[in-house]
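Student: Just so you know, the sequences run in chain order D and B. Each residue of the first sequence is one higher than the last, beginning at 87 in the working numbering. Each residue of the second sequence is one higher than the last, beginning at 33 in the working numbering.
No lab work stands behind these hints: they were computed from the structure. In this text the structure is predicted, and so the values were computed from the model without any measurement. Using N, Cα and C, we set each Cβ at its ideal position, and we do this for glycine too. Among the hints, erroneous ones may be present.
Covered by chain B, according to a simulated footprint, are these stretches of chain D (three or more residues, beta-carbon under 8 Å) [stated by the list, open to error]:
(1) 89-95
(2) 99-108
(3) 115-126
(4) 148-155
(5) 159-172
(6) 213-220
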Amino acid sequence: MMSDEELVARSRGGDLDSFNQLVLRWERPIYALAYRVIGREEDARDVAQETFLRAFRALAGFKGQAKFSSWLYRITLNLCRDWIRRERRTPIAQAPEGVDLVDLAGEAVPSESIEDLVSRKQLSEAVAKAMALLPEEQRTAIILKEYHGLTFQEIADLLDCPLSTVKTRLYQGLTVLRRHLHRADEGLPRPRQADSLGEAIRSIN
Amino acid sequence: MTMCDTELLIDYLYGELAADQRHTFDLHLKSCADCRREIDGMRATRTTLQSWAPPEPDLSFEVVRAQRSESRASQRGESFRKWWGLSPAWGLAAAAMLVGALSAAIANVEVTYGGGDLTVRTGWNRAPVAQAQGAAAAEDPAALRRELIAVSDRLARAERLLADQNKTNVSTNAVPGRMTDAEIARFVRHMINQSEERQQSVLARQILQINRDVETARRTDFDRLGRGMVEIQRTAVETFQRQKVLEDHLLRVGLQR
C-alpha cells in the first residue's frame with residue numbers, strides 16, 4: 087500500500103485517482119472529527135466534502151511540513167470554526183428521538199442484552215450532550231486527543247497554541263465532563279428500577 | 033517542584049511522561065490521595081468518552097473534475113441538437129432533457145461543492161433526496177402532475193417518431209460497406225448518439241413509472257383513510273343512537289316510578 091506522502095506527491099501532479107485514494111483513506115476520520123465538533127450529521131458531511139475539495143485545490147501549497155492528516159485536520163477545523171461562527175451557536179448533541187430497538191439490534195454484539203444496548207446508546211448520547219457543553223477550544227482538544235490519538239505537540243501545532251495550553255484545556259474539559267457524566271451515569275435506568283416500576287404499574291391496575 | 037500539578041497529571045494520564053518521570057509520579061500517587069482520586073476519576077471519564085460513536089453514513093466521496101463532466105454535457109447537448117436538427121422529433125429531446133433534470137434532482141447522485149472546476153461525488157444520500165422530494169411536493173402538486181402528463185404525451189409521440197427513424201436507420205446503418213475513416217467516425221458517433229437517446233428515454237419512462245406508482249400508492253392510502261373515516265362516523269352515529277334509546281328507556285322507567 088502506498089503511503090500518504092507518495093499519494094500526495096502523485097496527486098500534486100494532478101493525478102485525481104491518487105487523491106481519491108487519500109479521500110477513501112481519510113473520509114471517515116474527517117467526517118467523525120467534523121461531526122464531533124459541530125454535532126450535526128448533514129453539516130458534518132458538507133464540511134468533510136469541502137475539506138477534500140479545498141485540500142485538492144491547495145495541494146500545491148502543501149510542502150509536507152506537517153503530516154498530511156494533520157493538514158487535513160487543520161482544514162476541517164477551520165471549516166468547523168466558520169460553521170460555528172456562521173450558525174452562532176454551540177453544537178447540538180443530536181439525540182435521536184427515542185431509542186430505536188430495531189436499529190440497535192442491528193448493531194448488537196451477540197452477547198449484549200437489549201438493556202446493555204439501550205444503556206450504551208444512552209451513554210453515547212450523554213457523552214455527546216456533555217461534550218456540547220464545553221467551550222469550543224476544550225472540546226476540540228479533547229476530540230483530537232481521545233478520538234484521533236494526536237500527541238500534545240501535534241494538537242498544539244494544529245491549534246496554534248502553546249503545549250501547556252493544550253494540557254490545561256484537556257484538564258479543564260475532562261473535569262467538567264467528569265462532573266456531568268457522573269451525574270448522567272446515575273440517571274441511567276437500571277433493571278431493578280424497571281422491575282419496581284412494573285410492579286408499581288401492576289399494583290395501580 | 034510540586035507533584036500535584038495539572039500538567040504533570042495530564043501527561044501521566046495520557047502516558048506522555050518519560051519512563052523516569054513516570055516512575056516518580058507513580059511513587060507520588062502512593063502517598064497523595066487527592067492525585068489518586070483525580071487520576072481514577074479521569075480514567076473513568078476517558079473510558080466513558082469512548083462510548084461516543086459518530087453515525088456511519090454512506091460517504092464514498094470522490095473528487096472529480098467538473099470541467100470534464102460539463103464538457104461532456106455540452107457535447108451531449110450539441111449531439112442532441114445535431115441529431116434532432118435532422119429529425120422532426122424535437123419533443124423527445126426536450127422531454128428527455130426535462131425528465132433528465134428531474135431525475136437528477138430526485139436521485140441527487142452528484143453534488144457540486146464550492147462551484148469552480150471540482151466536484152465531489154457522493155454515494156446514495158438519503159436526506160437530500162427527502163429534501164428534494166419535499167421541495168417538489170411543496171410546489172403545486174397539480175401543476176407538477178400536469179407537467180408530467182404533458183411530458184408523457186410528448187414522449188409517447190416522440191417514441192413513435194424515433195421508432196420510424198430507427199427503421200430507416202437500420203437499413204442504412206446495417207450496410208456500412210467500404211467507408212472512409214471520417215465516415216466510420218461519423219457512423220460511430222451516430223450510433224453513440226442513438227444509444228444515448230435510447231438511455232434517456234428509458235430513464236424518462238422509469239421516472240414516470242415511479243411517479244405513477246407513488247401517485248397510486250397515495251390514492252390507495254387516501255381511499256383507505258376515507259373508508260376509515262366513514263366507518264368511524266358510522267360507529268359514532270350508531271353509538272349515539274343506542275345511547276339515545278337507552279336514555280329514553282331510562283326516562284320512561286323513571287317516569288313510571
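Student: Enumerate the violated hints, using their earlier numbering and listing them in ascending order.
Tutor: Going through the list in order, the structure violates hints 1, 4, 5 and respects the others.
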